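Trainee: Going down the list, the sequences are from chains A and B.
Take 1 as the starting number for the first sequence in the UniProt record's numbering and just add one per residue.
Take 1 as the starting number for the second sequence in the UniProt record's numbering and just add one per residue.
Warning: the hint list may mix true and false statements.
[Claimed, not checked] Derived lysine-lysine pairs resembling BS3-like cross-links, with alpha carbons at most 25 angstroms apart:
1. B:Lys332 to B:Lys300
2. A:Lys150 to A:Lys32
3. B:Lys475 to A:Lys200
4. A:Lys151 to B:Lys332
5. A:Lys150 to B:Lys150
6. A:Lys388 to A:Lys415
Treat the hints as calculated values from the structure; they're not laboratory data.
All values derive from a computational prediction rather than experimental measurement.
Protein chains: 2
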Amino acid sequence: MQRTKVADLLRSKEIGKPFTVKGWVRTRRGNKHVNFVALNDGSGINNLQVVVDMEQFDEALVRRITTGAAISVDGELQESQGAGQNVELLAKSIEILGDSDPDKYPLQPKKHSLEFLREIAHLRFRTNTFGAITRVRHAMIFAVHEFFNKKGFYNIHTPIITASDAEGAGEMFQVTTLDIDNLPRTEEGEIDYSKDFFGKPTNLTVSGQLEGELAALAMSEIYTFGPTFRAENSNTTRHLSEFWMIEPEMAFYELTDNMDLAEEFLKYLIQYALDNCMDDLQFLSQRLQQEEKGKKDTEKSMELIEKLKFVLENDFIRLTYEEAINVLENSKPNKKGKFQYPVKGFGTDLQSEHERYLVEKHFKKPVILTDYPKEIKAFYMKLNDDNKTVRAMDVLFPQIGEIIGGSQREESYEKLTARMAEMNIPEEEMWWFLDTRRFGTVPHSGFGLGFERLMLFVTGMTNIRDVIPFPRAPKSAEF
Amino acid sequence: MQRTKVADLLRSKEIGKPFTVKGWVRTRRGNKHVNFVALNDGSGINNLQVVVDMEQFDEALVRRITTGAAISVDGELQESQGAGQNVELLAKSIEILGDSDPDKYPLQPKKHSLEFLREIAHLRFRTNTFGAITRVRHAMIFAVHEFFNKKGFYNIHTPIITASDAEGAGEMFQVTTLDIDNLPRTEEGEIDYSKDFFGKPTNLTVSGQLEGELAALAMSEIYTFGPTFRAENSNTTRHLSEFWMIEPEMAFYELTDNMDLAEEFLKYLIQYALDNCMDDLQFLSQRLQQEEKGKKDTEKSMELIEKLKFVLENDFIRLTYEEAINVLENSKPNKKGKFQYPVKGFGTDLQSEHERYLVEKHFKKPVILTDYPKEIKAFYMKLNDDNKTVRAMDVLFPQIGEIIGGSQREESYEKLTARMAEMNIPEEEMWWFLDTRRFGTVPHSGFGLGFERLMLFVTGMTNIRDVIPFPRAPKSAEF
Numbered sequence: 001m002q003r004t005k006v007a008d009l010l011r012s013k014e015i016g017k018p019f020t021v022k023g024w025v026r027t028r029r030g031n032k033h034v035n036f037v038a039l040n041d042g043s044g045i046n047n048l049q050v051v052v053d054m055e056q057f058d059e060a061l062v063r064r065i066t067t068g069a070a071i072s073v074d075g076e077l078q079e080s081q082g083a084g085q086n087v088e089l090l091a092k093s094i095e096i097l098g099d100s101d102p103d104k105y106p107l108q109p110k111k112h113s114l115e116f117l118r119e120i121a122h123l124r125f126r127t128n129t130f131g132a133i134t135r136v137r138h139a140m141i142f143a144v145h146e147f148f149n150k151k152g153f154y155n156i157h158t159p160i161i162t163a164s165d166a167e168g169a170g171e172m173f174q175v176t177t178l179d180i181d182n183l184p185r186t187e188e189g190e191i192d193y194s195k196d197f198f199g200k201p202t203n204l205t206v207s208g209q210l211e212g213e214l215a216a217l218a219m220s221e222i223y224t225f226g227p228t229f230r231a232e233n234s235n236t237t238r239h240l241s242e243f244w245m246i247e248p249e250m251a252f253y254e255l256t257d258n259m260d261l262a263e264e265f266l267k268y269l270i271q272y273a274l275d276n277c278m279d280d281l282q283f284l285s286q287r288l289q290q291e292e293k294g295k296k297d298t299e300k301s302m303e304l305i306e307k308l309k310f311v312l313e314n315d316f317i318r319l320t321y322e323e324a325i326n327v328l329e330n331s332k333p334n335k336k337g338k339f340q341y342p343v344k345g346f347g348t349d350l351q352s353e354h355e356r357y358l359v360e361k362h363f364k365k366p367v368i369l370t371d372y373p374k375e376i377k378a379f380y381m382k383l384n385d386d387n388k389t390v391r392a393m394d395v396l397f398p399q400i401g402e403i404i405g406g407s408q409r410e411e412s413y414e415k416l417t418a419r420m421a422e423m424n425i426p427e428e429e430m431w432w433f434l435d436t437r438r439f440g441t442v443p444h445s446g447f448g449l450g451f452e453r454l455m456l457f458v459t460g461m462t463n464i465r466d467v468i469p470f471p472r473a474p475k476s477a478e479f
Numbered sequence: 001m002q003r004t005k006v007a008d009l010l011r012s013k014e015i016g017k018p019f020t021v022k023g024w025v026r027t028r029r030g031n032k033h034v035n036f037v038a039l040n041d042g043s044g045i046n047n048l049q050v051v052v053d054m055e056q057f058d059e060a061l062v063r064r065i066t067t068g069a070a071i072s073v074d075g076e077l078q079e080s081q082g083a084g085q086n087v088e089l090l091a092k093s094i095e096i097l098g099d100s101d102p103d104k105y106p107l108q109p110k111k112h113s114l115e116f117l118r119e120i121a122h123l124r125f126r127t128n129t130f131g132a133i134t135r136v137r138h139a140m141i142f143a144v145h146e147f148f149n150k151k152g153f154y155n156i157h158t159p160i161i162t163a164s165d166a167e168g169a170g171e172m173f174q175v176t177t178l179d180i181d182n183l184p185r186t187e188e189g190e191i192d193y194s195k196d197f198f199g200k201p202t203n204l205t206v207s208g209q210l211e212g213e214l215a216a217l218a219m220s221e222i223y224t225f226g227p228t229f230r231a232e233n234s235n236t237t238r239h240l241s242e243f244w245m246i247e248p249e250m251a252f253y254e255l256t257d258n259m260d261l262a263e264e265f266l267k268y269l270i271q272y273a274l275d276n277c278m279d280d281l282q283f284l285s286q287r288l289q290q291e292e293k294g295k296k297d298t299e300k301s302m303e304l305i306e307k308l309k310f311v312l313e314n315d316f317i318r319l320t321y322e323e324a325i326n327v328l329e330n331s332k333p334n335k336k337g338k339f340q341y342p343v344k345g346f347g348t349d350l351q352s353e354h355e356r357y358l359v360e361k362h363f364k365k366p367v368i369l370t371d372y373p374k375e376i377k378a379f380y381m382k383l384n385d386d387n388k389t390v391r392a393m394d395v396l397f398p399q400i401g402e403i404i405g406g407s408q409r410e411e412s413y414e415k416l417t418a419r420m421a422e423m424n425i426p427e428e429e430m431w432w433f434l435d436t437r438r439f440g441t442v443p444h445s446g447f448g449l450g451f452e453r454l455m456l457f458v459t460g461m462t463n464i465r466d467v468i469p470f471p472r473a474p475k476s477a478e479f
């Protein structure tokens, strides 16, 4: 008989009908007369209760139905007497597909720490928490593509291996096929990169933006969604060495259009999660409340679903960096010296504590800051007429701080090359990027969303290593 | 006024209404009285004809409307007298957004070779051919996600940087942050990889399958869609160093279910292209016919759209490797010695010429071959009871040869470890993979589709470097 997924069966009204389910045993409990097996196949957070009449089954078989074992059950759907489910499956026959030695199986039917689960990331898909995260992650991936597809954007696969280092976004991973234990050398004793696979030094991309701009300046509206890499040696709950970024880039968009798109995009994703992942979000909300049980009320997060709705229901506050500096300078924590980094007027680089103060305490809404000092932003951002600020924008969220960073791009060849000269970025290496400003340049804008940052926000998880299947971090490349 | 996309305007019936369009000039032609500008903004293969009444405009402005320049036009939609379009835009005002010096702009209004366009990959999005490919590529990406989302599969981001080399799929790219010019050494003089970023040697992934299996053995049905890498030093029209792969992996699927899914998947993608990309496909079909003009009829490809429909309308032929060998041994080209690699019974590794003979000459349908000799397939494939073949499947297409490769996986811990021992694959490095066979193993299957192979098939292009925006190949990592 065709397999029915657990999630579908739990919604079924076909009482009395025969069904086949297959999945992994979460728990088995019971007595001499009847056993109850909680079965999960990944299709949802809720388990199916399989009822095993002990008179019908060999005891030796039932004993093999242990946590982690895989079974196939033919049975009859019946209304459930127990709390927490409408239906259950009365087993007619059971096949053990794969045993799981209870003395060796690492996932016991109890709460494991997230740290422990990271060490067995190959099995953590089988837990409630990581199952829920995996489903939400998929839903968010799909929603990203659906949002842009509906709007006529084209997904562009920008290169992963690149020879350019233009973004200057920090440390990079080198990619090579040279035998590094026995390097080819030039006559001058330098490493002979002409012998390397690509004939020159290459590294893993830190951003697809520059290539995205090339595409946008022909296709109008594009987005990337791919892995990006930072070789920063920092072990934090907010950083990964390998993470996924979404970078839309749009010709004919000025900064306001860019802000509008960013706000619409984030709201679309969050609405999609509420519409499609409510069971998982409810579970994750309870998980978070459980975790914060010991905390003082003032330290607790906003309830997860309430927090998501809060973003949907509020227009994002838009103000300039300069206005934000004024707010922060005159704020209580600044005056009382409570900020770790005091705010000292225009030019201060905002820290996470400042961003969160603006969002969580002052405005109590998501915030978009614009027009940052050019010194603290990248070379490709459009210079304002004041000659001191650039058309940058950062979207700040509660809990997360910066969730999106973007800007209108400098479309003037003269201004762009002048800025590159100031910042010692060699023109020769960027000839292809500059060509777009030489031939049919147009006003254009774009932004980047770190996908795992979004995942932290939507799931309420606090460590970024818990929202990606196989996290990469310093000294950590398991599986 | 809000910008309207060219593709939308070309479908519009609102004759006499005002519109604003923005885009890049493909050509301008005309006389003293009237000029016609062909404008494209990437939204479709067809240009908008902008009609410029020379009495209304400054000649100096019009002279700047050159190939490659970006302009914004306010105008009135009117029915077109010319052939090839229903509507055109009568310009009321024109703004030059970005000039394009006609003496320097590399893209002249003539046919450029694909080789030349690869050298200016940053600008080739602005050509008809690459614009069409970019739109089709996006459509295929979206269709992949839509197909799996509808079926309840979860997209899994498997790691790009990995420490495992289990697939043995060939040469790999090393990823490192060591200063390779000044390597840290152990006391024994070995490279001290404990000082490398991840504390051990790492490389770029060749496949997400093994991690995909981990997810499938909890979530039931998953798929990956990400970049994969091969450091093979071969410059061919069929290979890239960096390419995108789609790898679904399904618990509870046996080989027949796997074949059913592969066939349904390919047909879904092709149907989606026909439903959503007909303008671009028609253009690509004409392009191909143009390119093959000099060829003999027997050497010409099947017309593109006919070829796509041909796949849709036929059940794929399914036969075993052994049956295929019989067909090939008794085939005319084999008997007449026309194959470069003669077919010599069971064990022969099939070459592209054999695959294409089966598909194009013998069956005249897509073919799925199954049950290959274990010696020529990977260690993780399920061994048949004959102990000499494995439950592999290859889907063979006209023009492409192998477009999908997959198998039912070996779910037995004992058989898997025995096979690994035979093939000298160390168990210690694969403990996490083997754990899935120790705890709740189930029958499962999966396959891999090289996305650029699909793109070759759907677009009729013949060089794989022309169906990915920024191809990576030996000595080639530009942009």
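Trainee: Holds or violated: lysine 150 of chain A and lysine 150 of chain B, Cα atoms, limit 25 angstroms.
Mentor: Holds - the C-alpha atoms of lysine 150 of chain B and lysine 150 of chain A are around 17 angstroms apart, at most 25 angstroms.
Trainee: Holds or violated: lysine 332 of chain B and lysine 300 of chain B, Cα atoms, limit 25 angstroms.
Mentor: This hinted pair holds, its Cα atoms lying about 21 angstroms apart.
Trainee: Take a quick look at whether lysine 475 of chain B and lysine 200 of chain A sit within 25 angstroms of each other, Cα to Cα.
Mentor: 8 angstroms, holds
Trainee: Is the straight-line distance between the alpha-carbon of lysine 151 of chain A and that of lysine 332 of chain B 25 angstroms or less?
Mentor: 53 angstroms, violated
Trainee: Does lysine 150 of chain A pair with lysine 32 of chain A here, judged by a C-alpha cut-off of 25 angstroms?
Mentor: With a Cα-Cα distance of about 57 angstroms, the restraint between lysine 150 of chain A and lysine 32 of chain A is violated, given a limit of 25 angstroms.
Trainee: Is the straight-line distance between the alpha-carbon of lysine 388 of chain A and that of lysine 415 of chain A 25 angstroms or less?
Mentor: 13 angstroms, holds
Hint compliance for this structure: hints 2 and 4 are broken, all remaining hints hold.
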